[in-house]
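Quick mapping for you: the protein sequence lines, in order, are chains G and C.
The first sequence begins at 1 in the working numbering and counts up by one.
The second sequence begins at 1001 in the working numbering and counts up by one.
What the hints contain is simulated information worked out from the structure, not anything from laboratory work.
Nothing here was measured: the structure is a model prediction, and the numbers come from that model.
Every residue gets a Cβ at the ideal spot worked out from N, C-alpha and C, and that includes glycine.
Warning: the hint list may mix true and false statements.
[What the hints assert, rightly or not] Listed next, with one range per pair, are the computed distances between beta-carbon atoms: (1) G/L63 - C/Q1122: 52 to 62 Å; (2) C/Q1187 - G/I134: 36 to 46 Å; (3) G/F141 - C/S1100: 17 to 27 Å; (4) C/K1142 - G/F169: 19 to 29 Å; (5) C/K1142 - G/V37: 23 to 33 Å; (6) G/S181 - C/S1144: 13 to 23 Å; (7) G/I101 - C/V1054: 46 to 56 Å; (8) G/D136 - C/Q1195: 15 to 25 Å; (9) G/A144 - C/S1100: 18 to 28 Å; (10) G/F100 - C/G1141: 41 to 51 Å; (11) C/N1184 - G/V86: 52 to 62 Å; (12) G/W49 - C/Q1195: 23 to 33 Å; (13) G/H17 - C/A1060: 22 to 32 Å; (14) C/K1142 - G/H89: 39 to 49 Å.
[As the list claims (entries may be wrong)] These stretches of chain C come out as covered by chain G in the derived footprint (C-beta under 8 Å, 3 or more residues): (15) 1051-1058; (16) 1124-1135; (17) 1177-1183.
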Amino acid sequence: MLRNSRDSFGLVSILFHWVIGLIFLGQIALGYLMVRVSDFTLQFSLYQWHKSFGFLVLGLSALRLLWKLANPRPRDPEHMNSLERVAAHAAHVILYLSLFIVPLTGWAVASSSPLQIPTFMFNLVVIPQLPITISDAAEAFWAASHAWLAYLSAVVAAGHILAALHHHFWKRDTILMRMLSPSAAKTGRNVN
Amino acid sequence: MKTTDMLFSTLIPAGLAALLAFSPMTARADTLSDVSGRYNIQPSSRVGFTVTQVGGGGIAGNFKKFSGVFSLNSSDISRSTISFTLYPESVSTGQARVESFLRSDAVFDSANFPTITFKSTQIKQTSADTAEVAGILTARGKSSPANFQANLADHGKNSITFRVQGKVMRSRYGMDVGTPIYSNVVQFDMMIRGQRS
């Protein structure tokens, strides 16, 4: 139940997937909004929430990667052709990389800003600044990188979501169900 | 009553005696009664502040524009007063973005509240050359008690300088943005120079 098998995702993998996925998408929406609000007080607060959740994504993703390495990967459905497999796996790799690179570039934004606003994760833990150049230009570079990589990853995530829905509603296989329940592979609908 | 900082504690006779003994420059001029009078706060004064942040460091700056008067009553220091006004628009931190944030409606809202005022309500001598200045600080339309400690720093025939320090809880004035990352406590460290008017 907790661990993956060759046929199903375990509960831990399922929780990692949805918790990180929802926070990540929420972060993209929050990031988009926070740079557009005009109220400085609200904006300051939104930035701090964004930084806190960003470090949460980074920390959870590190644990998730360790868990992934320690667990088998459920097989792809038989009916997937090689192009579909390559596309799916490429999307997974990009999304995994995004879970690390996007928060890290966000960390670089906070670290390079001349404002040097501390990151006080959920008002509990002070996160140190990365030892990188501090300047307006460096901050602008990292902020642009952070935003574009995040939006790019959102496009890939959209493809990932559409593909899952395609599997569920058109191909009527268990791809989506097995990411919702560890027992889906046995009790879910059968493909083929 | 007036505010500023701690001007008064110095006035005590013992303090003056010590002052006379150790500062030849002023020794000739002073008697206790000499310091009584009304003083204008000079632009050469310095109104500095710091706000610490988690993990060390913080924001340090000063206000460039301010004005005020104080009256010293050397025979009864408690009858001395101070009134002080500073203009938050003049805040300076060396970082333009920090300054514009401080001026904005997130902090000082200097467009709508162009002044921050302090009026002393009670001045109490605490030693030969120190005093406690209690008063009402008004910022962003909110008034709340604030206390400062004044130390006599320098003293001439027509001028007197106090080092004034105090801690202000910014949350009392609707300026608690950024807490707890940035401390709620603003530490003031001022050199207040008065010229006899």
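A quick look at each hint next to the structure:
The supplied range of 52 to 62 Å is met by G/L63 and C/Q1122, whose beta-carbon atoms lie about 59 Å from each other. Between C/Q1187 and G/I134, the C-beta spacing of about 25 Å breaks the proposed range 36 to 46 Å. Look at G/F141 against C/S1100: about 22 Å separates their beta carbons, and that is inside 17 to 27 Å. One distance hint, 19 to 29 Å for the beta-carbon pair C/K1142 and G/F169, is violated here, with the actual separation near 58 Å.
At about 25 Å, the CB distance of C/K1142 to G/V37 agrees with the hint of 23 to 33 Å. Distance hint for G/S181 and C/S1144: a CB-CB separation of about 57 Å, inconsistent with the stated range 13 to 23 Å. Distance hint check for G/I101 and C/V1054: the Cβ-Cβ separation is about 27 Å, which falls outside the suggested range of 46 to 56 Å. Distance hint check for G/D136 and C/Q1195: the Cβ-Cβ separation is about 41 Å, which falls outside the suggested range of 15 to 25 Å.
Restraint check, G/A144 to C/S1100: a C-beta distance of roughly 22 Å satisfies the suggested window 18 to 28 Å. G/F100 and C/G1141 have their C-beta atoms about 48 Å apart, which keeps the hinted 41 to 51 Å range intact. For C/N1184 paired with G/V86, a C-beta distance near 56 Å keeps the hint of 52 to 62 Å intact. Evaluation of the 23 to 33 Å hint for G/W49 and C/Q1195 yields a failure: the beta carbon distance comes to about 50 Å.
Our hint of 22 to 32 Å for G/H17 and C/A1060 is violated, since their Cβ atoms are close to 46 Å apart. A hinted range of 39 to 49 Å is violated for the C-beta pair C/K1142 and G/H89, which are about 60 Å apart. Under the rule that three or more residues need a Cβ within less than 8 Å of chain G, the assignment of the segment 1051-1058 of chain C holds, with 4 such residues. Note: the segment 1124-1135 of chain C has 0 residues with beta-carbon separation from chain G under 8 Å; the three-residue rule is not met and the coverage is violated.
Counting residues of the segment 1177-1183 of chain C whose beta carbon lies closer than 8 Å to any beta carbon of chain G gives 4, which reaches the threshold of three, so the coverage claim holds.
Of the hints listed earlier, those the structure fails to meet are numbers 2, 4, 6, 7, 8, 12, 13, 14, 16, in rising order.
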